[in-house]
Amino acid sequence: MKGGFSLQKIRVGISIPLFLLFLLSFLGEGYLSEIFSHSLFFFQFVPSLIKFFFDPYNILSFGCVIVLVLTFLGGRVYCSFLCPLGMLQDFISWISNKVGLRRKYVYRKPYQRLQLVILFLTFLTATLGFFALLNLLDPYSLFGRISAHLCKSVLVIVNNIVVNILEIFDIYDLSIKKQHHIPVSILFLTGISFSCLLFFSILTGRLYCNSICPVGAFLGIVSRFSLYKIGIERSSCISCNLCEKVCKAGCIESRKKEVDHARCLVCFNCLTACHASAIGYRFRFLDCHDGLPVSLKRRAFLGSMAAIIYSWSADSLLLASTRKNDFAKGSPITPPGSSSLHHFTSRCSGCHLCVSACPTHTLVPSLWKYGLSGLLQPEMDYHLGHCEISCTVCGSVCPTGAILPITKNEKKLVQIGVVTLNKELCIVHVKKIHCGACGEACPTNAIFPIEKGLVVFPEINNQYCIGCGGCERACPTMPKSIVVTANKVHKRAELYVPPELPVSDIDSIGDFPF
Amino acid sequence: MNGITQHNRRDFIKKSISMGIGVGSSLILGKPPVLFAKDPKGSAPDLVAVKNNEPDILFKKAIELMGGMNRFVKKGQTVVVKPNIGFAKAPEMGATTNPLLVKSVVEHCILAGAGKVYVFDNVATSSYGIAHTCYKVSGIEEAAKDRGAIVAPGDHEKYYQKVDVPGAKILVSTDVHELVLEADVFINVPILKNHRYTQFTGAMKNLMGVVWDRMEYHFTDLEQSIAEFCLFKKPDLNIVDAYRVMKRHGPQGRDLEDLALMKTLLVSQDIVAIDTAAAKIFGLEPESIRHLKIGHDLGLGTMHLDGLNIKKFTYT
Numbered sequence: 020m021k022g023g024f025s026l027q028k029i030r031v032g033i034s035i036p037l038f039l040l041f042l043l044s045f046l047g048e049g050y051l052s053e054i055f056s057h058s059l060f061f062f063q064f065v066p067s068l069i070k071f072f073f074d075p076y077n078i079l080s081f082g083c084v085i086v087l088v089l090t091f092l093g094g095r096v097y098c099s100f101l102c103p104l105g106m107l108q109d110f111i112s113w114i115s116n117k118v119g120l121r122r123k124y125v126y127r128k129p130y131q132r133l134q135l136v137i138l139f140l141t142f143l144t145a146t147l148g149f150f151a152l153l154n155l156l157d158p159y160s161l162f163g164r165i166s167a168h169l170c171k172s173v174l175v176i177v178n179n180i181v182v183n184i185l186e187i188f189d190i191y192d193l194s195i196k197k198q199h200h201i202p203v204s205i206l207f208l209t210g211i212s213f214s215c216l217l218f219f220s221i222l223t224g225r226l227y228c229n230s231i232c233p234v235g236a237f238l239g240i241v242s243r244f245s246l247y248k249i250g251i252e253r254s255s256c257i258s259c260n261l262c263e264k265v266c267k268a269g270c271i272e273s274r275k276k277e278v279d280h281a282r283c284l285v286c287f288n289c290l291t292a293c294h295a296s297a298i299g300y301r302f303r304f305l306d307c308h309d310g311l312p313v314s315l316k317r318r319a320f321l322g323s324m325a326a327i328i329y330s331w332s333a334d335s336l337l338l339a340s341t342r343k344n345d346f347a348k349g350s351p352i353t354p355p356g357s358s359s360l361h362h363f364t365s366r367c368s369g370c371h372l373c374v375s376a377c378p379t380h381t382l383v384p385s386l387w388k389y390g391l392s393g394l395l396q397p398e399m400d401y402h403l404g405h406c407e408i409s410c411t412v413c414g415s416v417c418p419t420g421a422i423l424p425i426t427k428n429e430k431k432l433v434q435i436g437v438v439t440l441n442k443e444l445c446i447v448h449v450k451k452i453h454c455g456a457c458g459e460a461c462p463t464n465a466i467f468p469i470e471k472g473l474v475v476f477p478e479i480n481n482q483y484c485i486g487c488g489g490c491e492r493a494c495p496t497m498p499k500s501i502v503v504t505a506n507k508v509h510k511r512a513e514l515y516v517p518p519e520l521p522v523s524d525i526d527s528i529g530d531f532p533f
Numbered sequence: 262m263n264g265i266t267q268h269n270r271r272d273f274i275k276k277s278i279s280m281g282i283g284v285g286s287s288l289i290l291g292k293p294p295v296l297f298a299k300d301p302k303g304s305a306p307d308l309v310a311v312k313n314n315e316p317d318i319l320f321k322k323a324i325e326l327m328g329g330m331n332r333f334v335k336k337g338q339t340v341v342v343k344p345n346i347g348f349a350k351a352p353e354m355g356a357t358t359n360p361l362l363v364k365s366v367v368e369h370c371i372l373a374g375a376g377k378v379y380v381f382d383n384v385a386t387s388s389y390g391i392a393h394t395c396y397k398v399s400g401i402e403e404a405a406k407d408r409g410a411i412v413a414p415g416d417h418e419k420y421y422q423k424v425d426v427p428g429a430k431i432l433v434s435t436d437v438h439e440l441v442l443e444a445d446v447f448i449n450v451p452i453l454k455n456h457r458y459t460q461f462t463g464a465m466k467n468l469m470g471v472v473w474d475r476m477e478y479h480f481t482d483l484e485q486s487i488a489e490f491c492l493f494k495k496p497d498l499n500i501v502d503a504y505r506v507m508k509r510h511g512p513q514g515r516d517l518e519d520l521a522l523m524k525t526l527l528v529s530q531d532i533v534a535i536d537t538a539a540a541k542i543f544g545l546e547p548e549s550i551r552h553l554k555i556g557h558d559l560g561l562g563t564m565h566l567d568g569l570n571i572k573k574f575t576y577t
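Quick mapping for you: the protein sequence lines, in order, are chains R and L.
Here this note's numbering is used: the first residue of the first sequence is 20, the next is one more, and so on.
Here this note's numbering is used: the first residue of the second sequence is 262, the next is one more, and so on.
Think of the hints as simulated: they come from the structure by calculation, not from any bench.
One or more hints might be untrue.
Negatives, chain R to chain L, calculated, CB over 12 Å [said to hold, decoys possible]:
| # | residue |
| --- | --- |
| 1 | Leu-89 |
| 2 | Ile-111 |
| 3 | Leu-140 |
| 4 | Leu-155 |
| 5 | Ser-172 |
| 6 | Asn-179 |
| 7 | Ile-190 |
| 8 | Ile-221 |
| 9 | His-380 |
Here are a few chain L residues that sit away from chain R, every Cβ distance over 10 Å (derived from the structure) [to be verified]:
| # | residue |
| --- | --- |
| 10 | Val-412 |
| 11 | Lys-423 |
| 12 | Asp-425 |
| 13 | Asp-445 |
| 14 | Lys-494 |
| 15 | Pro-512 |
| 16 | Arg-515 |
| 17 | Asp-516 |
| 18 | Asp-558 |
| 19 | Leu-559 |
Straight-line distance between alpha carbons at most 30 Å, and here's what the computed BS3-like set of lysine-lysine pairs gives [said to hold, decoys possible]:
| # | chain 1 | residue 1 | chain 2 | residue 2 |
| --- | --- | --- | --- | --- |
| 20 | L | Lys-554 | R | Lys-442 |
| 21 | R | Lys-451 | L | Lys-406 |
| 22 | R | Lys-510 | L | Lys-350 |
| 23 | R | Lys-427 | L | Lys-350 |
| 24 | L | Lys-322 | L | Lys-406 |
| 25 | L | Lys-336 | R | Lys-451 |
| 26 | R | Lys-196 | L | Lys-423 |
| 27 | R | Lys-196 | L | Lys-419 |
| 28 | L | Lys-336 | L | Lys-494 |
| 29 | R | Lys-196 | L | Lys-397 |
| 30 | L | Lys-406 | L | Lys-419 |
| 31 | L | Lys-406 | R | Lys-471 |
| 32 | L | Lys-397 | R | Lys-431 |
| 33 | L | Lys-423 | L | Lys-322 |
| 34 | R | Lys-264 | R | Lys-431 |
All C-beta atoms, glycine included, are put in the ideal place defined by N, C-alpha and C.
Using the sequences plus the hints, can you model the full thing?
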């Protein structure tokens, strides 16, 4: 198995560039994510499954079906070839191996029950519109949060050091970057997730994938029945134990010469390691045992059948159990394209790609804002940014369809909220002196000036307001005198048409007026 | 107190790096500015007004009437040119200073022997990333770089240093861009346009773009603060772009219908006088603009154009 061609090398050759693209789309400034998002995130299982659940007849939501077919054909290829979190763990394992933190893997007993319970609970709660577990555990979204918050912070610091040095030489081609706002709770949660992942992968390789990950559990059920499998040929095996030492899934029990196919990630490391050519990746490997009692197999099969049937009916269940969203301080503002609070919260998996891509840092991750069911879903926050009227980045990168793509022209009239002006706080109304900060920032003429005496007062015309938050961001008072309140269902704003007034009343040929 | 320590941020980095590397320190520190004695006033005009041509030609004529750029920029000096890059609008929308004019100003500075010419603005919208877009869309970044200017950022607090404004009632202290503090020559290049909440934007209001926290102005007393900033620093030269003048919906503007093509340019060292002239061109009564009156009363310049030596030129 040594030499030029090996399945393991193909895997590495595919996953390294893919991993870099994943990182780039989370670290790049919006436009990179826009370029890659459609092709790259098409195959991400959970985002695609969410899309498929709501829109099963759309070709763009077929990624999860393709992944299922692939799994049925050749085992958990998703986990080795397509999952960014898997690649991240492989990368950490590789480094810890190089550094000498861990030299070899050993066979581990399966955490079958735990993982199946997690899968069951995640599936059940998600289909009922309760996204906390799914958003916490989905490998793609977890990877997203790690790269958007942790990796990007490091990149921003490095960039700013370079910029500070270049500026001394009057080179201003790179600019100071800021990290988007990360609430402490989110940073804490992401930090903990990453630490656990680090601990798992340094110690035991892909333990996360085989004990917690709900996607891993689900694909594990399917991969039991896959057509192509890794298996040990008992006749040629010399019990040298090499395959077990390289198995990052810990699923090869060389003593019994058995492979646990539910946990096998088809990374092909064992194929390369085996000197006796006893391990193969073959069609319906017959001369092998997967070490699982038949009863459990049957249970798993029945379980997955039940799950599939349940998921067909869950759509109506979800609609029936329209969640009550009682928000004490008004509901959070959802980004343009998300069409309604319900649409957004029932689709967002909390990967924070939109947070990382938002050019004005207006989309901010929140922990509780949507309640426990909408754990980690982002909201619009106008304290640090406003939603630029010509920008449609979040909709074009969102992999789950929580934020739908809209055109720049549509965006100009999507009303995600409206403003209210508190005249008891507004400087102009209180002190009777000019301010104009809100009117200056308003791109739609929702704020207009009214002259009374010598002072120009701001007034509101909400039919033109799109809720972009430009005014709230600009307002100099604390607390803000002008505040956007969310439209739970997005509306369409009217287009402002200026009155026809003669503008050029100045004689441009004549003499100067002084 | 704070101002002094912050004042030396760039110097400090410069020195520590030059010591650390030990090579090329002369390159980093740059040439010491050569100081010249000021020209005698002579017959130079107080205000120049030219009209009916393209922005760059207008400026060439105006600066010639002012006595040439050499009067203001000496060999080796560092110049800061401060246009209005406030919004991400194309040049033809009249919301930002005409890039052709900026180009011409930079070119004349370089020809006069300026060591370095910096161009920057702290744009009106402070959300992250907007400044970058404004620099690009306004066409000013490209135009300025084309003639050898260094286009510097103004969208981060680290570039600003706290200064005290002597004699101010409202704007007692504020954070000013370090380039303005370091510059030998400070040239203010605003665009004349409508501002629905302060009536009009000219030379004095354009200086809001060299401070970090413009919301402080809005919060305390906008017009008083605008005028009082000039107590700290008055530009060495003001150039008001009245080529395309936004007559309504300012300061952003909605469409080309808002514009009047006036093809006019004003140049003066007196910031109050130039705004008074600009207000008249705009069709406003200068007395009705509060920051002009405050500026006049503070002795920053004069609103009485009658007593000034004004040179006018109209292309036919």
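Evaluated hints:
1. Leu-89: Leu-89 of chain R clear of chain L: closest Cβ-Cβ about 39 Å, beyond 12 Å.
2. Ile-111: 31 Å, holds
3. Leu-140: It holds; Leu-140 of chain R is separated from chain L by about 39 Å at its closest Cβ, greater than 12 Å.
4. Leu-155: Correct as stated: the minimum Cβ-Cβ distance to chain L is 28 Å, above 12 Å.
5. Ser-172: 15 Å, holds
6. Asn-179: Violated: least Cβ distance 9 Å, not greater than 12 Å.
7. Ile-190: With a cut-off of 12 Å, Ile-190 of chain R comes too close to chain L, as the shortest Cβ separation is near 9 Å.
8. Ile-221: 36 Å, holds
9. His-380: 4 Å, violated
10. Val-412: Per Cβ check, Val-412 of chain L is inside 10 Å of chain R; nearest 6 Å; violated.
11. Lys-423: 19 Å, holds
12. Asp-425: The assertion about Asp-425 of chain L holds, with a minimum of 22 Å to chain R.
13. Asp-445: 16 Å, holds
14. Lys-494: Answer for Lys-494 of chain L: holds, closest chain R Cβ roughly 22 Å.
15. Pro-512: Non-interface label on Pro-512 of chain L violated, nearest chain R Cβ at 6 Å vs cutoff 10 Å.
16. Arg-515: Violated, because the least Cβ-Cβ distance between Arg-515 of chain L and chain R comes to about 6 Å, which does not exceed 10 Å.
17. Asp-516: 8 Å, violated
18. Asp-558: 17 Å, holds
19. Leu-559: 18 Å, holds
20. L:Lys-554 with R:Lys-442: 28 Å, holds
21. R:Lys-451 with L:Lys-406: Given pair Lys-451 of chain R, Lys-406 of chain L is violated - Cα atoms ~43 Å apart, limit 30 Å.
22. R:Lys-510 with L:Lys-350: Holds, at about 27 Å.
23. R:Lys-427 with L:Lys-350: Holds, at about 16 Å.
24. L:Lys-322 with L:Lys-406: 23 Å, holds
25. L:Lys-336 with R:Lys-451: 49 Å, violated
26. R:Lys-196 with L:Lys-423: Holds - the C-alpha atoms of Lys-423 of chain L and Lys-196 of chain R are around 23 Å apart, at most 30 Å.
27. R:Lys-196 with L:Lys-419: The given pair, whose Cα atoms are some 12 Å apart, holds under the 30 Å limit.
28. L:Lys-336 with L:Lys-494: 22 Å, holds
29. R:Lys-196 with L:Lys-397: It holds: about 17 Å lies between the C-alpha atoms, which stays within 30 Å.
30. L:Lys-406 with L:Lys-419: Satisfied, since the Cα-Cα distance of roughly 23 Å is no more than 30 Å.
31. L:Lys-406 with R:Lys-471: Status violated; Cα separation ~45 Å.
32. L:Lys-397 with R:Lys-431: 21 Å, holds
33. L:Lys-423 with L:Lys-322: Given that 30 Å is the threshold and the Cα spacing comes to 38 Å, the pair is violated.
34. R:Lys-264 with R:Lys-431: 59 Å, violated
The structure is inconsistent with the numbered hints 6, 7, 9, 10, 15, 16, 17, 21, 25, 31, 33, 34, although it conforms to all the rest.
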